[in-house]
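> Input sequences plus hints: build the corresponding full structure.
Residue numbers (the numbering used here), protein chains in the order written: chain L, 1 to 114; chain P, 1 to 111.
Among these hints, one or two may not hold up.
[Stated by the list, open to error] Mimicking DMTMM-like on lysine to aspartate or glutamate, the simulated pairs with C-alpha atoms at most 25 Å apart in a straight line are:
id, chain 1, residue 1, chain 2, residue 2
1, P, 98, L, 72
2, P, 71, L, 59
3, P, 22, P, 84
4, P, 22, L, 59
5, P, 68, L, 73
6, P, 71, L, 72
7, P, 42, L, 38
8, P, 42, L, 73
9, L, 44, P, 79
10, P, 42, L, 72
11, P, 98, L, 26
12, L, 44, P, 5
13, P, 37, P, 15
14, L, 57, P, 27
15, P, 22, L, 56
16, L, 44, P, 39
17, P, 22, P, 39
18, P, 68, P, 39
19, P, 58, P, 5
20, P, 37, L, 38
21, P, 71, L, 73
22, L, 44, L, 72
23, P, 58, P, 15
24, P, 98, L, 59
25, L, 44, P, 2
26, L, 44, P, 27
27, P, 42, L, 59
28, P, 98, P, 49
29, L, 9, P, 39
30, P, 71, P, 59
31, P, 98, L, 56
32, P, 37, P, 79
33, L, 57, P, 2
34, P, 98, L, 38
35, L, 57, P, 5
36, P, 37, L, 79
37, L, 44, P, 49
Calculated from the structure, these hints are not laboratory results.
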Amino acid sequence: NAGVTQTPKFRILKIGQSMTLQCTQDMNHNYMYWYRQDPGMGLKLIYYSVGAGITDKGEVPNGYNVSRSTTEDFPLRLELAAPSQTSVYFCASSTTQLRAGIQYFGAGTRLSVL
Amino acid sequence: GENVEQHPSTLSVQEGDSAVIKCTYSDSASNYFPWYKQELGKRPQLIIDIRSNVGEKKDQRIAVTLNKTAKHFSLHITETQPEDSAVYFCAASTGGFKTIFGAGTRLFVKA
Chain L
1 NAGVTQTPKF RILKIGQSMT LQCTQDMNHN YMYWYRQDPG MGLKLIYYSV GAGITDKGEV
61 PNGYNVSRST TEDFPLRLEL AAPSQTSVYF CASSTTQLRA GIQYFGAGTR LSVL
Chain P
1 GENVEQHPST LSVQEGDSAV IKCTYSDSAS NYFPWYKQEL GKRPQLIIDI RSNVGEKKDQ
61 RIAVTLNKTA KHFSLHITET QPEDSAVYFC AASTGGFKTI FGAGTRLFVK A
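Dropping the structure here:
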């Protein structure tokens, strides 16, 4: 049971490049989330999903897109990278079952846009 | 919109002293209050949680209290140790997908 797995761990992008941050979970959780965490700051919700085929915007969605074709996977797409997107990105998941509300986080992707 | 306020933003204590972090939430429908610890360069991890039908919960050196009437909840760490140094996040949830995080408290425990 690996939990929430994110790839890559680190990435450097040039301004204007695109990339996809991968997130997969093996806990059969319905809910999945993407957060960004700027240095010394808290967690800001980018997008979330309550199940396959259903996604919605969080607090800071501009510049990002997501999809949820399966329960396990929730990739985050950056289309035209900007320096303001330099951050650590965390994917998380939670269940609707007994321990509803607890979020399980991936190890994070550290992204630098130069 | 709904929010969670967390205080203080930074807390420095001497090893062995107690540390208290306080949070206030606005959504009266919140019924689940987790606390996460994030060590430097690591992911946030759940350390303790409390549900709205309980006023206090303790797990070894950490405890959480909840006052639903005042919409306050607090984290208490006793006999602090250097390894308690981290950022702590409180959160309020309605039990489903909607979880609001506080801005975090950076705790320094001086040896």
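> Given the proposed pairing of residue 44 (chain L) with residue 27 (chain P), does the C-alpha separation stay at or below 25 Å?
Holds, at roughly 18 Å.
> For a C-alpha distance cap of 25 Å, please report whether residue 71 (chain P) and residue 59 (chain P) respect it.
Cα-Cα ~22 Å, so holds.
> For residue 58 (chain P) and residue 5 (chain P), compute the direct alpha-carbon distance and say whether it is at most 25 Å.
22 Å, holds
> Residue 98 (chain P) and residue 26 (chain L): Cα distance at most 25 Å?
21 Å, holds
> Is residue 44 (chain L) close enough to residue 2 (chain P), meaning Cα to Cα at most 25 Å?
14 Å, holds
> Going straight from one Cα to the other, do residue 58 (chain P) and residue 15 (chain P) come out at no more than 25 Å?
Holds. Residue 58 (chain P) to residue 15 (chain P) sits at ~20 Å (cutoff 25 Å).
> Quickly compare the C-alpha distance for residue 44 (chain L) and residue 79 (chain P) to 25 Å and report which way the hint goes.
Violated, at roughly 32 Å.
> Hey, residue 9 (chain L) versus residue 39 (chain P), does the alpha-carbon distance stay inside 25 Å?
Given that 25 Å is the threshold and the Cα spacing comes to 17 Å, the pair holds.
> CA of residue 68 (chain P) to CA of residue 73 (chain L), is that 25 Å or under?
Violated, at roughly 36 Å.
> Check the hint pairing residue 57 (chain L) with residue 2 (chain P) against an upper bound of 25 Å on the C-alpha distance.
Within the cut-off at roughly 15 Å; holds.
> Given the hint that residue 71 (chain P) pairs with residue 72 (chain L), does the C-alpha gap stay at or below 25 Å?
35 Å, violated
> What's the verdict on residue 98 (chain P) and residue 72 (chain L), does the C-alpha distance respect the 25 Å limit or exceed it?
The given pair, whose Cα atoms are some 19 Å apart, holds under the 25 Å limit.
Of the numbered hints stated above, those contradicted by the structure are hints 5, 6, 9, 15, 18, 21, 36, listed in ascending order.
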